[in-house]
Structure formats: structure tokens, C-alpha cells
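Here the protein sequences come in this chain order: A and B. Residue 78 in numbering that gives the first Met the number 0 sits at position 79 of the first sequence; the count goes up by one each step and never skips. Residue 143 in numbering that gives the first Met the number 0 sits at position 144 of the second sequence; the count goes up by one each step and never skips.
Just so you know, not all the hints are guaranteed correct.
Unchecked claim - In silico contact screen, one side only, chain B against chain A (beta carbon under 10 angstroms); selected entries:
#1 426
#2 429
#3 459
#4 498
Said to hold, decoys possible - Listed next, the stretches of chain A that the computed footprint assigns to chain B, with coverage defined by at least 3 CB atoms under 8 angstroms from CB atoms of chain B:
#5 128 to 135
#6 229 to 243
#7 248 to 257
Unchecked claim - Computed Cβ-Cβ distance ranges for the label pairs, DEER-style:
#8 404/B <-> 55/A: 54 to 64 angstroms
#9 245/A <-> 476/B: 28 to 38 angstroms
#10 391/B <-> 37/A: 36 to 46 angstroms
#11 306/B <-> 29/A: 28 to 38 angstroms
#12 404/B <-> 575/A: 50 to 60 angstroms
#13 474/B <-> 17/A: 16 to 26 angstroms
#14 37/A <-> 404/B: 38 to 48 angstroms
#15 393/B <-> 191/A: 22 to 32 angstroms
#16 17/A <-> 66/B: 38 to 48 angstroms
#17 156/A <-> 63/B: 25 to 35 angstroms
Treat the hints as calculated values from the structure; they're not laboratory data. We treat Cβ as the ideally placed atom computed from N, Cα and C, and that holds for glycine.
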Amino acid sequence: MLLTLAIFLPLLGMAVVLLLPSANKNLIRWTATAFAAAAFIPIIVLSKGYGGGEGDSAEKTLLAQRDAVVAAAPAAARETIKSLLKEPKKLTKQLEAWSDHEHAPASALSDELKPLAQVAAADAYPALHEAWELTLAAESVLAKDLRYVEYGQWIPAFNIHYFLGTDGLSMPLIFLTGLLWVLCFVYSYSIEEGVKGYFALFLLLETGLLGVFSALDFFLFYVFWEIVLLPMYFLIGYWGGPNRLYAAIKFFIYTLVGSVLMLVAMLALYWKDGMDSFNLLTLTSVSGGFDMHFQMWIFLALFMGFAIKVPVFPFHTWLPDAHVQAPTAVSVVLAGVLLKMGGYGFYRFSYTLAPDAGVSQAMVLMIGILGLINIVYGALCAMAQKDFKSLVAYSSVSHMGFVLLGMAAMTTEGMQGSVLQMFNHGVSSAMMFLLVGVLYERAHHRDLDRFGGIGLQMPYYTGFAIIGFFASLGLPGLNGFISEALVFMGSFNSSEFFAGNSTVYALPRWIVYLALPGVVFTAGYILWTVQRVYMGTAKKEEYKTFKDLNWREVFSLTPLAAMCIIFGVWPALILDYMNATLDHLRAFVVSGGGI
Amino acid sequence: MGNDFSQTQDLISRGLAGFIPELVLSALVCVLLLADLFIRGVKPRTTAWIATIGLVLAGATLWPRLAASGEIFGWMQGGTQQGLLVTDRFAWFFQMFCLATALATLPMALDHAAFRARRMGEYHALVVAATLGMFMMAGAVNLLIAWLGIEFASMASYLATAFDKRDRRGSEGGIKYVIYGSVASGVMLYGLSLIYGMTGSLHYGAIAQQLQVSGASDLGLMTAALLVFGGFAYKMAAFPMHFWCPDVYEGAPTPFTAYLSVASKAAGFAVFVRFIAAFTTGEGPSFVAFGSVPFDASFGWPTLIAAAAALSMTVGNLAALWQTNVKRMLAWSSVAQAGYLLMAVAVYAAGRGRPSGGDLGPLIFYFIAYFFMNLGAFHVVTVIASRTGAQHVEDFNGLGRRAPWMAFGLTVCLLSLLGVPPTGGFTGKLQLLQTAVENHLVWLAVLAGINTAISAFYYFKLIRCMYLHENQAGLVTTGTTNAVLLALLVLPVLVLGLAFSPFIELSRSFGF
Numbered sequence: 000m001l002l003t004l005a006i007f008l009p010l011l012g013m014a015v016v017l018l019l020p021s022a023n024k025n026l027i028r029w030t031a032t033a034f035a036a037a038a039f040i041p042i043i044v045l046s047k048g049y050g051g052g053e054g055d056s057a058e059k060t061l062l063a064q065r066d067a068v069v070a071a072a073p074a075a076a077r078e079t080i081k082s083l084l085k086e087p088k089k090l091t092k093q094l095e096a097w098s099d100h101e102h103a104p105a106s107a108l109s110d111e112l113k114p115l116a117q118v119a120a121a122d123a124y125p126a127l128h129e130a131w132e133l134t135l136a137a138e139s140v141l142a143k144d145l146r147y148v149e150y151g152q153w154i155p156a157f158n159i160h161y162f163l164g165t166d167g168l169s170m171p172l173i174f175l176t177g178l179l180w181v182l183c184f185v186y187s188y189s190i191e192e193g194v195k196g197y198f199a200l201f202l203l204l205e206t207g208l209l210g211v212f213s214a215l216d217f218f219l220f221y222v223f224w225e226i227v228l229l230p231m232y233f234l235i236g237y238w239g240g241p242n243r244l245y246a247a248i249k250f251f252i253y254t255l256v257g258s259v260l261m262l263v264a265m266l267a268l269y270w271k272d273g274m275d276s277f278n279l280l281t282l283t284s285v286s287g288g289f290d291m292h293f294q295m296w297i298f299l300a301l302f303m304g305f306a307i308k309v310p311v312f313p314f315h316t317w318l319p320d321a322h323v324q325a326p327t328a329v330s331v332v333l334a335g336v337l338l339k340m341g342g343y344g345f346y347r348f349s350y351t352l353a354p355d356a357g358v359s360q361a362m363v364l365m366i367g368i369l370g371l372i373n374i375v376y377g378a379l380c381a382m383a384q385k386d387f388k389s390l391v392a393y394s395s396v397s398h399m400g401f402v403l404l405g406m407a408a409m410t411t412e413g414m415q416g417s418v419l420q421m422f423n424h425g426v427s428s429a430m431m432f433l434l435v436g437v438l439y440e441r442a443h444h445r446d447l448d449r450f451g452g453i454g455l456q457m458p459y460y461t462g463f464a465i466i467g468f469f470a471s472l473g474l475p476g477l478n479g480f481i482s483e484a485l486v487f488m489g490s491f492n493s494s495e496f497f498a499g500n501s502t503v504y505a506l507p508r509w510i511v512y513l514a515l516p517g518v519v520f521t522a523g524y525i526l527w528t529v530q531r532v533y534m535g536t537a538k539k540e541e542y543k544t545f546k547d548l549n550w551r552e553v554f555s556l557t558p559l560a561a562m563c564i565i566f567g568v569w570p571a572l573i574l575d576y577m578n579a580t581l582d583h584l585r586a587f588v589v590s591g592g593g594i
Numbered sequence: 000m001g002n003d004f005s006q007t008q009d010l011i012s013r014g015l016a017g018f019i020p021e022l023v024l025s026a027l028v029c030v031l032l033l034a035d036l037f038i039r040g041v042k043p044r045t046t047a048w049i050a051t052i053g054l055v056l057a058g059a060t061l062w063p064r065l066a067a068s069g070e071i072f073g074w075m076q077g078g079t080q081q082g083l084l085v086t087d088r089f090a091w092f093f094q095m096f097c098l099a100t101a102l103a104t105l106p107m108a109l110d111h112a113a114f115r116a117r118r119m120g121e122y123h124a125l126v127v128a129a130t131l132g133m134f135m136m137a138g139a140v141n142l143l144i145a146w147l148g149i150e151f152a153s154m155a156s157y158l159a160t161a162f163d164k165r166d167r168r169g170s171e172g173g174i175k176y177v178i179y180g181s182v183a184s185g186v187m188l189y190g191l192s193l194i195y196g197m198t199g200s201l202h203y204g205a206i207a208q209q210l211q212v213s214g215a216s217d218l219g220l221m222t223a224a225l226l227v228f229g230g231f232a233y234k235m236a237a238f239p240m241h242f243w244c245p246d247v248y249e250g251a252p253t254p255f256t257a258y259l260s261v262a263s264k265a266a267g268f269a270v271f272v273r274f275i276a277a278f279t280t281g282e283g284p285s286f287v288a289f290g291s292v293p294f295d296a297s298f299g300w301p302t303l304i305a306a307a308a309a310l311s312m313t314v315g316n317l318a319a320l321w322q323t324n325v326k327r328m329l330a331w332s333s334v335a336q337a338g339y340l341l342m343a344v345a346v347y348a349a350g351r352g353r354p355s356g357g358d359l360g361p362l363i364f365y366f367i368a369y370f371f372m373n374l375g376a377f378h379v380v381t382v383i384a385s386r387t388g389a390q391h392v393e394d395f396n397g398l399g400r401r402a403p404w405m406a407f408g409l410t411v412c413l414l415s416l417l418g419v420p421p422t423g424g425f426t427g428k429l430q431l432l433q434t435a436v437e438n439h440l441v442w443l444a445v446l447a448g449i450n451t452a453i454s455a456f457y458y459f460k461l462i463r464c465m466y467l468h469e470n471q472a473g474l475v476t477t478g479t480t481n482a483v484l485l486a487l488l489v490l491p492v493l494v495l496g497l498a499f500s501p502f503i504e505l506s507r508s509f510g511f
């Protein structure tokens, strides 16, 4: 129930906000914040519980569900179903013959299924199918770590389920989402125009994101994925900068192109071998048996959907536009968690549904090289920017490249670094966008060359800025260092680790060597920015009148700065969440889907 | 001789018993025309009520036909019964569908500015007459009746399109419609005559039998197939006979455009699907008689329809991108929608006889969603246009503030036409894609996906104008009737998107 509560409290909040009078802006702001905070409570409980090993495991919940389904099946079929379920994978092939149970004559069924067709006719099929789905789901590698699982029927005609759960991969992102929303709402009190619509859409966005990170039914995931698009479109399009309309539709179209390809992949999986299943766990436990050709197409179609979101070169061009035009808080969540939908999607869907394709030579090289381009090209672009926000946007492109590099390596350290990088980038980039927003509200421009000497005027602000930017730079002692170092270690080790392994293509070292200069470029643009903006003397008289941070800004920045430092010196705090999940996933992929 | 006569009499009387809804509609046309002629100063509202009562009555008499099956106006020939019309669940669905469209567009017509000061009896009579033609289309199992139904519906549509005499664009649209319609009809008739010449029969079942027994000249059949398809495509507003669509949609009174875009398209699909069902066997993707010749193995109805689907959606969406007139935009959008729907027909034609094939559920489900979303969109356009004179996309600027509920309703309908969850358009398109992927038409599914992304541009153009562009003009008052109709059209769009499970079963049950 906790996940449902967290997902739908913001939706309820949206309904409440819409009913409030538009004139009373403060009431709307406080109500929206209250709902974001309320949604954060179950998330904190979940995080604490997950860390403490609480919550029923997916395996247990799903098997209990299965027993309930079998018990509810027609009495005459029950024993047959039970005996058939002892070998669920064998059953998969037979179900294909029966998937058109309305049309297929009983004589077409295999010997094992025949008694079932006689005793219970078509009534037995739904029960058998559901029980089969649940048995395989409970056996899948994901079920080992998923907890707080919620499972129920949604659209029986298409075997679509309301299926949620969280594990070490999604928990940090869910936590980050919950936190960022509270911080962003407090920061957004400076929004004066269309307050009601702004907070209502922002709350809807939270529902979509939390849903994306916890859905385990592919269809449900897709619905939440699309729900994210709409509020984002309006938030950029209405409250954004001068070129907001262009940026908003570009964001929408890019993401939509990716998601329709994802949809086709989803349908192809649904029809594969007559399995008729959207259950991610079920599909995961049979995906190792898919032929390579099919896996390649699935991987590529999913890759398009997720790569656009990450964004991976050459699909990254929507990102700077969206970031530059979006209002500050929207940029914060865009960089903080929306981009992670892509990275999360790779780990959650691509590698589980097409494990062999994921470690094939073509895909490893593609992901590795695109990651390399993201890192180096993103950093070079960032260096060339004149607009402060645009610089931070390109730094996101660069930093997300590390996620890809670690992923391509498929080693323990590489994956840890890659997933940790998603979280760390969520913290540090969110912080950087807030910092840019703070300055923009005072100076009303973002031209890097026209700043200077801010450090003298706003010492507290500059203190936060140094933490945020240096975390992004990867300074040891701050969080960015840990994840980038892990990614480099992992990707460097890949060729040694997988030496002699014929199924897994190891990430070649030359890619890592070429990616290394990216770190230098990153240091270059960050130090240069800090120098231009915060050091030296004020280039304009008006800068001397700037007031330091107000309470709202301090409130939004403090938790992020604290996380930059805490996870920098004590990364185990968060790595402990992820380790088990990532190890299991890695073992699954490396072993070719456990088959 | 006497025996024959009584048998014929028997057939006719039994046929008429199954023909009551159509008779009710025919009577309604007469009543409306007479009311318009003889009642002095008859108000639009009065004839609208007469039409409503008549349509509801027709619906009530149609209801029992849900359980009926079999052909009416038939005679025995060669051991099989050969009728003119068939009564089954499929026909019932599309007849009810057209009836409901006619009913839903009545209040829209009352609200239409150009209509307010006019005697409306004739308009209502024309809509009912068009519906009568569509009834015949939905049930036709005879080439001549199919053609007659199409002609009947078209004739009434030509007149209704040009109903507003003072509107030059309406007259222009009407003339264009007549010219395109005549060409399409002539082309189709030529194709039909070829089929008749080759098989010596007009009845679908008999033709199919004849083709299987004796075969026919392949070149002749291919020619006939292409020619006949032209006629059907014109009615479905699908490539390559879609050119009339934007001009007619723009010129016609908006309520009638709404009626055309929904009912006419549905009837076109109904008559086409029934034709296809008779002309494809279960032997895989091939036109009956083409199977015998090697080079024809790759050509056949499924290929032809899939190609038309691909071109319809692509051409429709690309053309819609450039439109600034809302009605023209929606016209091109409806061409694209015909492409999505044809996907289901292609799959149906390819899958006939296979255990999992021959499922018309997705087509019918999409039509249910299409009914609500397209009528909803046109309803808002009618209401806003009649109050503010809005015709162009920019005229909708700031509507989000000026008429929040109308703007919200239009947004939901547009998102549904685009196919974004959680709307009926999404679940409908999902099923279309699903059947395409299941039946190995992955390229078509991918193309439909890409088209969806393209269509986002123009659907969002309108949404953008409503919410993101400012307009200082005052609020638009819309009235209670319009608000109720809006709710009745928009809520189902959301229901179909969130709880569509029962509707899947329902729409499957209307196939044959």
C-alpha cells in the first residue's frame, strides 16, 4: 500500500489544488507543498524499511497470489493446474497452443493440457495463465530483490496488472523524486503567474514519475511514462522562457518518437510465443530463451525509447532547449529525475528482456562509444556555452555518458558506478540548476561573461555553489567522485574480467582511454565557470546590491549539499541499497538470462 | 406460376418484417419534409424534436435485430439463399453507430450559427436520409445494394454539404463532393460490372463460390479489385480517394462535417469489411482467384489494404501539419485515422480462417473510441465557432481561460486522437498495433507509431493555442445543453482509456 499511497497522494493533491480558488496563491502553494511532503512520508518509510530488510519479498507475495489464483480455479482443473505448474517453463510452449483457446480444437492441445480442456473448458485457461505468469515471475531474478510488491488485476482481457514494487535500483530514485518535489515546491513560491495550474501539473508529474519507477507491468509502466510527458509539456510551454513553445514541443515529440518504438517492442514481447504477458518478471525469466535476432530488435527498439530520455548523443538536442527555456524548478526535476527514467529503463527493461543482446559485441560497442561521445562531446559543448543554464544542461549530457559507460562494461564496479552516477547526478545537477535559478532571479540574465565577483556579495550562496559545482566536477570527498571513479574502474576492468568469456563482449579499453580526457574537460569548464561567475570583482554596479540567500533557497539547497558531502565520504550508505540488486542482475545478464 | 408468386410474396413480406427500422427512417424523411412544408413558421427546434423522436423510434425497432441473423429479401438459387441485405450483429453495430451519430449531431446543428435563422426540416431530412443509406451499406451482401447504399448516402451528403446557400465555400464544397463522388461511383460501378461479368452473380456468397469453382482472369480480377477499392476508399476517406475530404469538411456546416467524419466513415468501413470478408478465403494473404498464379502470391487484398493504410496515415498526417484551418486540419486527421483503421482491415483480410485471425474487435473498439473523440472535438469546434466565428487555429488562442471546460474537453479528445494514455484513443490504437504485430505486419505498426509522433505536431498546435497563447477576448458562454453533450462525449473517452476491459469483449462480439 505504501507505494500506491506515494504515487496517488500527489494526484489527490492535484485534484484538491484544482478546487482551491485561484486568487489565494499562498493557500495553493502550501497545499501543494503539504501533499508533496505527505507523499514523501511513505517514501521515507519505504526507504527505511527497504534498507532494514523489511517488506515481504516479491517471491513470497507472488507465490501467495498464485496459490489464491489456483484455489479460485474451477475445482476439476485445480489438480491438473498444480501438476502443470511444477514445470512452468515447459508449460510456456504448451500455452502457445492454447492461447487461442477459443478457436483451437481440443485435439490440437498437447497431452498434458488435454485433461484440462475436457474438465473445465475455457474457464481453466485464465486461471492457468495467471498461475503460470505468477510462478515464472516468482522464479525470476528480479523477484529476489523486489519488495513491497502490490499485485492486482487491471485489464483482464489483456492480462494487464496493477503491479508495483521496489528494489535497490528504483528505491534511490523514488527517494530522490520524493525529496526533490518538496524542495522544488518550496523553491517555486516565487512563481506568481498561473500558480494553480503550475502546482497542479507539478503534482501530476510526480505521480507519473513515481509510477514509472515502481511499475513492474510493462503496460502500466508505459502509461506512467506517457503521463510524465503532458505536464512537462505545459510546464515548459507556459512558465518557460522566451522560446518556450519550441522547446516544449521538441521535448514532447522527441520523447513520443522513442516511446512509440518502445510500445512496438512491448507488443512484440506480448505476442512472443503466445505468452500474452506484460508482466516484466515473467518475461524476464523466459527472456534468455529468445533467439538473438528477436532480442536485438527488442533491445534496439527499447534503446531508442530510453536513449532519447537519457539523452544519448545524437538524440540529445532537445535537452539544452528544454533546460534553457524551462523554469528553474522544472529544470531541477528534469535533470534530477526525468533523465534517470532513461537510465532506469535500460537496467530495468533492456537488460532483463534482451540479456544476450545487451552483452553482444554490437550493443556493447554502441553503448560504449555513445557513452564516450556523451562524456567528451558533452563536456566540450558545455565549455563553449555562454548561457549559464545551457552550460549546466550540457554538463548533464556529459555526466549521463558515465551511466552508459559503466553499463556497457557490465562489471560489478561499472554497474555500481553507473547507477550511483544516476543518483549523484540527480543530486548535483538539481543543485546546480537551483544555483543558476537563484542567480537568475537576481540578475535577470544568465550570460556567463557578464558575471563576476558574486562571491564577495553572496558568500553563503557561493559556498553552496562551490559544493555543487565541485561535486559535479568529481572532486574527491564529494559524491560525484565516487561514481565516476567506480565507472572508470569497472570499465577499465571489463576486458580482464571477461577474458575468455565467449558470450559476453568486454568493453575494449581504448574507449576508456578516450573517455578519460572528459574528466579534464569537465574540470576545465567548471573551474572556468566558477572563476568567471564567483571570483574577481563585480562587473556591474547592481551586483553589489544582491542579497544573499533567503530562507526558501537555503531550505532547498541544504539537503542537496548535505547529500553531496555525505555520499562523498560514506558512499556505502547508498551502495548497500543497490549491491544485491545489481549483482543479481549482472549475474543474470552475464549468464545469458540464466539459461 | 402461382406458387412462385406466393413464394415471392412470402419472401417480400418476411423481408419487410426485418426491414422495419429502415422503413421508420424512410417515413421520418417524409414527415420531416412535410413538416417543413406545411407547418407555418416551423422552428428548428421542432423539427429537431421530430427527428429525435423518429431516430429513437428507429433505434427501438432496430434493437431486436441484435439477436437476428440471416439475409432478408432473399430467394433460393442453386440450393443457397441469396439475399440483398443481411441482419447480424456486425450490421447492427454499424447501424446503431450511424444512428447515434445522427442523434448526437442534432443538438450541434441547433447550435450552429448559420442554421439558427433557417428552416431546418430539410437539413434534418437529409441527415436521416444519409443514415438510411448507411443502414443499407452496413447490411449489404449484394453488389448492387452496396452500391445503391453508397449512392443514397452520398446524394443526401452532397445536398447537406451545400445546405447553407449563402456560404460560398459550402457550395464549392458541395460541388467538389459531387464531382469526386460521381467519379468514385463510376469507377466503382465499372469494377462491379467486371465482377458481375466474370462471375454472373451479384450476391457476395455466390460470387465467392463461383470464383473458387471456376476462377477468373487474374488481370480482370485485379483490375476489378482496384476499381472497386477506389469506390470504397472514397467512402472511407482513405488514400487514394481522399482528396475531397478537406474541401468538403471545410465547406460543409460543421455539425454535418462531424456527422460525415464519423458516420460516413464507419459505414464505408462496414460495407468494405463485408465485401472483403466475402472475397478473401482463409488460405492466407491472397485474393481468392490470384492464388492460382505464381506471381500473384504476393499481391492480394491484405497487401493492397496495408499499402492504402500506410499511405493514408502518412499522407493524412503530413498534410495536416500545414493546415491552419481547424476543420481542414481535422479533415486530414480523419484521413490519417482511416489509415489506422485500415490496418485492422488488412490484418483481418490476412488472417481470415486462421484461428487467431478474423477478429474485428480492434476495428470496432477503435470506432467506439473514434465516435466519442471525433464528435467531441467537432462539438467544441462547432460551439466555439458559432460564438466567436473561430475558424483558424489562432482563433482558439487563450481558450483555456475563456472557456475552460470546452478547452479541456477538446484537449482530451485531441490527446485521444493522438493516442496518449489514459484515453480511449490510446487503448484503441494499442489494439490496432497489437493485431498488426501479432500478424507479422510489424513494419505497418512501426509506421503507425512514427505517424503518431508526427501527428503530435498538429494536435498540439491546437492545444498550444488554447493554453499557451494569450488572447484578451472575454469569456465564452456555452450553455447547458452544450456542456451536457460535451460531458457525454468526453467522459467515455476517459472511461475507454482506464476501464476498457468490458468494451474489448463487447466489441469482439460484434465481429462475424
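*Does the Cβ pair residue 306/B, residue 29/A satisfy 28 to 38 angstroms?*
Violated: the Cβ-Cβ distance is about 59 angstroms, outside 28 to 38 angstroms.
_I want to verify a distance hint. Is the separation of the beta carbons of residue 404/B and residue 575/A within 50 to 60 angstroms?_
Given about 51 angstroms between the Cβ atoms, the range holds.
*Does the interface hint hold: is residue 426/B within less than 10 angstroms of chain A, judged Cβ to Cβ?*
holds (8 angstroms)
_Consistency of beta-carbon spacing, residue 17/A to residue 474/B, with hint 16 to 26 angstroms_ = Given a distance of about 18 angstroms, which is inside 16 to 26 angstroms, the answer is holds.
*Within the assertion that chain B covers the segment 248 to 257 of chain A, do at least three residues meet a Cβ-to-Cβ distance smaller than 8 angstroms?*
It holds, with 5 qualifying residues against the three required.
*Closer than 10 angstroms between Cβ atoms is the bar; does residue 429/B clear it against chain A? Give me holds or violated.*
holds (7 angstroms)
*Is 22 to 32 angstroms a correct range for the gap between the Cβ atoms of residue 393/B and residue 191/A?*
With Cβ atoms ~27 angstroms apart, the hint holds.
*Starting from the hint 36 to 46 angstroms, judge whether the C-beta atoms of residue 391/B and residue 37/A obey it.*
holds (45 angstroms)
_Status of the given 25 to 35 angstroms range, CB of residue 63/B versus CB of residue 156/A_ = Given a distance of about 28 angstroms, which is inside 25 to 35 angstroms, the answer is holds.
*Can the hint on residue 459/B be confirmed by a CB-to-CB distance to chain A that is less than 10 angstroms?*
Result: holds, 6 angstroms to nearest chain A Cβ.
*Holds or violated: the segment 229 to 243 of chain A covered by chain B, criterion of 3 or more residues with Cβ-Cβ distance under 8 angstroms?*
holds (count 6)
*Distance restraint evaluation - residue 17/A, residue 66/B, Cβ atoms, bounds 38 to 48 angstroms*: Distance hint for residue 17/A, residue 66/B holds at roughly 46 angstroms.
Comparing the model with each earlier hint shows violations of hints 5, 8, 11, 14; every other hint is respected.
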